Amino acid sequence: MSAAEDIPPGAATAPDTPVLSVEGLTVSVRANGAERPLVEDLSFTLRRGETLAIAGESGSGKSITSLAIMGLLPPPAVRASAGRVIFGSSDLLALGEAGMRRIRGDRIAMIFQEPMTSLNPVMTIGAQLVEALREHEAISRAEARAQALAALKSVRIAQPERRLDQYPHELSGGMRQRVMIAMALALKPDVLIADEPTTALDVTVQREVLDLLRDLQRDMGTAIILITHDMGVVAEMAERVIVMRNGRMVEQGAVSQIFGTPQEAYTQELLAAVPRMGDGATRPGQPASDTTPPPVARLDRVDVRFDIRGGLLGRVTHRVHAVEHVSFDIRAGETFALVGESGCGKSTIARAIAGLVPHEGHLEVAGRVLKGLDAAGRKAIRRDVQMVFQDPMAALDPRMRVGAAVAEPLVIHGIGTEDERRARAADLFARVGLPPEAVERYPHEFSGGQRQRICIARALALNPKLIICDESTSALDVSVQARVLDLLEALKREFGIAYLFISHDMAVVENIADRLAVMYLGQIVEMGSRAQIFGNPQHPYTRRLIEAVPVPDPGHVRAPAPRLSGEVPSPIHPVGSGPRRLDLCDIGGGHLVAGDRAAKEAAA
Amino acid sequence: MRRYRFVLFRPFQFIPVLFGISIITFILVRLIPGDPARILLGTRATPTAIANIRAQYGLDEPMWVQYLYFLKNLAAGEMGKSTLYKIDTLKLIVTRIEPTLALVVAGVVLALVIAVPFAAISARRQGTAADHAIRIVSTAGIGFPSFWLGAMLIILFAVRLDWLPVSGYGNSLGDKLLHLILPGLTIALSLSAVIARSLRAGMIAGLSSDVAVAARARGMPESVVFWRHVVPNALVPTVNLLAVNIGWLIGGTVVVESVFAVPGLGQLMVRGIFSRDYMVVQGVALTFAVATVLINFLADIVTVALDPRVEL
Chain A
1 MSAAEDIPPG AATAPDTPVL SVEGLTVSVR ANGAERPLVE DLSFTLRRGE TLAIAGESGS
61 GKSITSLAIM GLLPPPAVRA SAGRVIFGSS DLLALGEAGM RRIRGDRIAM IFQEPMTSLN
121 PVMTIGAQLV EALREHEAIS RAEARAQALA ALKSVRIAQP ERRLDQYPHE LSGGMRQRVM
181 IAMALALKPD VLIADEPTTA LDVTVQREVL DLLRDLQRDM GTAIILITHD MGVVAEMAER
241 VIVMRNGRMV EQGAVSQIFG TPQEAYTQEL LAAVPRMGDG ATRPGQPASD TTPPPVARLD
301 RVDVRFDIRG GLLGRVTHRV HAVEHVSFDI RAGETFALVG ESGCGKSTIA RAIAGLVPHE
361 GHLEVAGRVL KGLDAAGRKA IRRDVQMVFQ DPMAALDPRM RVGAAVAEPL VIHGIGTEDE
421 RRARAADLFA RVGLPPEAVE RYPHEFSGGQ RQRICIARAL ALNPKLIICD ESTSALDVSV
481 QARVLDLLEA LKREFGIAYL FISHDMAVVE NIADRLAVMY LGQIVEMGSR AQIFGNPQHP
541 YTRRLIEAVP VPDPGHVRAP APRLSGEVPS PIHPVGSGPR RLDLCDIGGG HLVAGDRAAK
601 EAAA
Chain B
1 MRRYRFVLFR PFQFIPVLFG ISIITFILVR LIPGDPARIL LGTRATPTAI ANIRAQYGLD
61 EPMWVQYLYF LKNLAAGEMG KSTLYKIDTL KLIVTRIEPT LALVVAGVVL ALVIAVPFAA
121 ISARRQGTAA DHAIRIVSTA GIGFPSFWLG AMLIILFAVR LDWLPVSGYG NSLGDKLLHL
181 ILPGLTIALS LSAVIARSLR AGMIAGLSSD VAVAARARGM PESVVFWRHV VPNALVPTVN
241 LLAVNIGWLI GGTVVVESVF AVPGLGQLMV RGIFSRDYMV VQGVALTFAV ATVLINFLAD
301 IVTVALDPRV EL
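From first to last, the protein sequence lines are chains A and B.
Numbering (UniProt numbering) for the first sequence: 1 to 604.
Numbering (UniProt numbering) for the second sequence: 1 to 312.
Treat the hints as calculated values from the structure; they're not laboratory data.
Predicted, not measured: the structure shown is a model, and the values here were computed from it.
Treat the hints with caution; some may be incorrect.
[As the list claims (entries may be wrong)] Partner residues are not named here, just some residues of chain A that face chain B (Cβ under 8 Å, in silico):
1. 104
2. 120
3. 132
4. 134
5. 136
6. 139
7. 169
8. 585
Ideal Cβ positions, reconstructed from N, Cα and C, are used throughout, including at glycine.
Produce the entire structure from the sequences given, and follow the hints as far as they go.
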């Protein structure tokens with residue numbers, strides 16, 4: 001009875017019948033001779049055609065659950081030690097490898113967070129689709145190719161015929177995820193497990209992929225298990241939600257009930273930590289003063305271009321116009337945010353301000369013009385500008401005690417004696433909410449949020465005037481992110497530091513920024529105060545970014561918008577030509593918008 | 001095809017490289033103590049005879065004049081007359097290329113034949129007895145010097161078992177292949193150890209990669225996951241490792257050809273050094289350098305063919 005062939009196709013055709021039910025699932029990992037549960041006693045049912053979200057922070061066991069259902073737990077250390085996973089008439093946990101292989105991809109398909117690393121880089125898209133199709137159906141190569149093409153068309157990918165012969169790296173992130181979805185849905189599975197399917201994507205691309213998943217689900221009646229940490233995505237996509245924490249289910253219910261009347265304290269905390277658009281409006285703005293504080297950084301028509309060499313003599317043939325004619329000021333004590341999608345040049349600006357990439361144009365930091373500075377001058381600039389990166393684990397030397405890491409800027413700049421530096425490090429630890437005795441430990445002994453606090457402490461060591469936060473909270477869980485954002489806010493008030501806050505997350509920016517600039521393809525398309533941009537967005541791209549953000553409210557009705565499927569044009573131009581420069585017009589109160597049309601509309 | 005355009009451009013970059021190599025080999029040879037004319041004529045040569053020989057081979061000229069002669073000859077397709085063999089060095093080298101080339105190819109092919117399956121077994125059964133055994137053997141393979149290993153292989157297969165010839169090269173094709181087995185194996189055993197370790201590491205990383213997990217989630221059997229999704233990606237870094245090691249290997253033929261009396265370039269090099277035959281030593285050194293450059297060029301082409309992301 002347990003062989004896969006015995007399951008009739010469309011095992012669960014009647015509505016409301018469960019397609020998949022998980023009963024008392026426990027997954028354990030064996031480490032140092034002892035078994036430790038990663039998921040404990042989890043039970044739920046998935047009904048035909050519904051979307052069930054499993055939400056939780058890192059370490060909650062949500063991804064392990066999906067791997068357990070697929071029978072893909074990494075052997076031999078991790079195994080499902082108890083429970084059943086009923087699909088059709090079989091228990092998948094008892095099915096064995098050969099049986100599972102017929103189910104995987106065919107009846108239960110899966111898509112992953114990283115479409116780049118999930119596709120084989122040395123095989124064409126077509127070859128990978130054909131391979132998957134022919135594994136489950138006895139069809140010829142030509143038939144499989146025709147089906148592959150149909151699958152690519154169904155995910156609304158541009159130029160589907162061309163994609164078949166392309167390699168994954170030739171596609172954008174959004175297109176790659178479409179390919180993964182095409183591959184998963186090509187065999188019309190009963191269940192699709194989507195493990196953080198949009199986490200690695202830009203917000204407008206996320207919008208496209210979520211729309212696509214919803215449309216395909218409606219057409220094909222596939223049941224979806226959506227695994228995500230993003231409560232906005234949950235609210236938009238799911239009918240029912242399971243909230244998990246530390247391997248256990250905390251709460252389950254209809255999406256309206258979980259968001260409306262969460263029963264458990266953890267669910268309430270989790271929802272409270274989610275940054276929401278509109279929260280920023282209630283926050284007091286910059287204290288109004290008659291005198292504008294002096295700028296800590298001033299950019300006037302700054303360009304950053306990277307040469308691409310080619311040909312026999314290695315001459316420069318093309319240039320990447322990463323940053324094009326960007327002008328803005330960052331004033332003392334304010335948080336200036338740069339928002340935009342990947343490749344828009346926001347991180348390049350940060351690196352130019354820190355003096356890490358060469359630039360053209362006028363760029364001054366703390367009253368000193370960067371261009372033409374000698375080594376000593378550049379070193380002095382770095383006392384005033386510090387950076388906090390996205391991945392704190394990568395930003396800390398794993399073999400260096402964290403106290404030494406925090407004191408290192410002082411050593412480099414020859415400040416204080418050994419004892420003074422040690423005292424300063426302990427002091428900074430206390431300031432960022434870490435126990436001072438933790439200075440003796442190594443980075444791997446801390447959690448992600450604690451590591452980011454260490455990086456912030458290190459950035460503070462030199463009493464800088466400006467700290468550049470490049471996606472500094474993007475890799476953190478929401479509850480941790482909320483606390484780190486609070487810390488940044490508190491430090492700003494205490495030390496009068498200015499932040500250049502770079503983020504792709506509009507909700508976070510809306511919560512933390514005093515002023516912001518929206519970037520697209522290396523240029524600023526709109527700039528102004530938080531109230532100006534979020535209250536009265538003028539440029540179509542700004543509107544698109546704001547509208548694309550998933551709203552953590554199941555009652556939110558999204559205004560009907562055209563399905564987006566555009567690709568961002570390339571910032572690479574042949575030498576001698578360049579992008580069309582946008583002119584920024586002031587539409588009142590320092591609210592700058594690119595293009596004359598938008599300006600005229602606003603004025604009218 | 002755009003990715004293969006470097007095949008046309010790259011050879012131009014070899015010119016300065018080869019120039020540099022020719023200067024270095026030219027100078028280094030002349031730094032070896034000992035006068036070639038004196039060695040050629042023996043200990044009882046008269047000063048006049050020595051002076052004649054020196055004049056005949058241009059050894060009495062300043063070093064930079066000698067280098068210019070060398071370049072002039074090279075342009076005419078000659079490398080100067082060998083003092084030991086009395087014929088042009090280039091002709092001499094051409095006759096010696098085949099055994100060395102055959103030896104290197106045999107060594108590399110045998111190394112791959114050994115390394116790929118061993119790495120595969122080791123990676124797919126990570127932590128088992130088979131894995132440990134393979135890792136111990138391959139660590140030992142790196143440790144044994146080739147002259148010792150070659151001697152041991154001769155004692156076992158040629159002397160005790162009498163299956164294979166002791167040394168030499170042979171005349172017919174079959175005979176040559178038979179003669180190549182032991183020296184080829186000597187090279188292969190240490191080379192395969194290096195390759196197997198790198199491949200194993202790449203395969204283990206590949207087996208737990210997202211690509212492999214995603215392929216399994218599509219219902220691919222483990223053999224397809226391994227051979228189609230893991231191995232091709234593990235091969236890419238190994239190709240470059242192999243190229244570097246072939247470079248070493250070409251130098252290593254000096255030892256192996258001496259142990260097995262293979263009449264190749266390595267053996268010619270040794271004779272040339274002992275008799276201070278400047279032309280032969282610098283000619284062979286230059287040939288080795290050209291071969292190393294070409295092998296790395298070949299490795300670049302293979303890398304581009306294996307990995308569609310690479311642009312050179």
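Handout entry: Status of the hint placing residue 120 (chain A) at chain B (closest C-beta pair under 8 Å)
Key = Interface hint status for residue 120 (chain A): holds (5 Å vs cutoff 8 Å).
Practice task
Against chain B, run the beta carbon of residue 132 (chain A) and see if the smallest gap drops under 8 Å.
Solution key: This interface hint holds because 4 Å falls under the 8 Å limit.
Exercise for the section: Hold the hint about residue 585 (chain A) up to the distance rule: shortest CB distance to chain B must be less than 8 Å. Expected result: Violated, about 41 Å.
Handout entry: Evaluation of the interface hint that places residue 104 (chain A) against chain B, nearest CB under 8 Å
Key = Result: holds, 4 Å to nearest chain B Cβ.
Practice task
Against chain B, run the beta carbon of residue 134 (chain A) and see if the smallest gap drops under 8 Å.
Solution key: Residue 134 (chain A) check fails; min Cβ-Cβ to chain B is 11 Å, beyond 8 Å.
Exercise for the section: Return the status of the interface hint for residue 169 (chain A): holds when the least beta-carbon distance to chain B is below 8 Å, violated otherwise. Expected result: holds, 5 Å
Exercise for the section: Report holds or violated for the interface hint on residue 139 (chain A), using the least CB-CB distance to chain B and a cut-off of 8 Å. Expected result: violated, 15 Å
Handout entry: Restraint outcome when residue 136 (chain A) is required to lie within 8 Å of chain B by C-beta distance
Key = holds, 6 Å
When the structure is compared with the earlier hints, violations turn up for hints 4, 6 and 8 and for no others.
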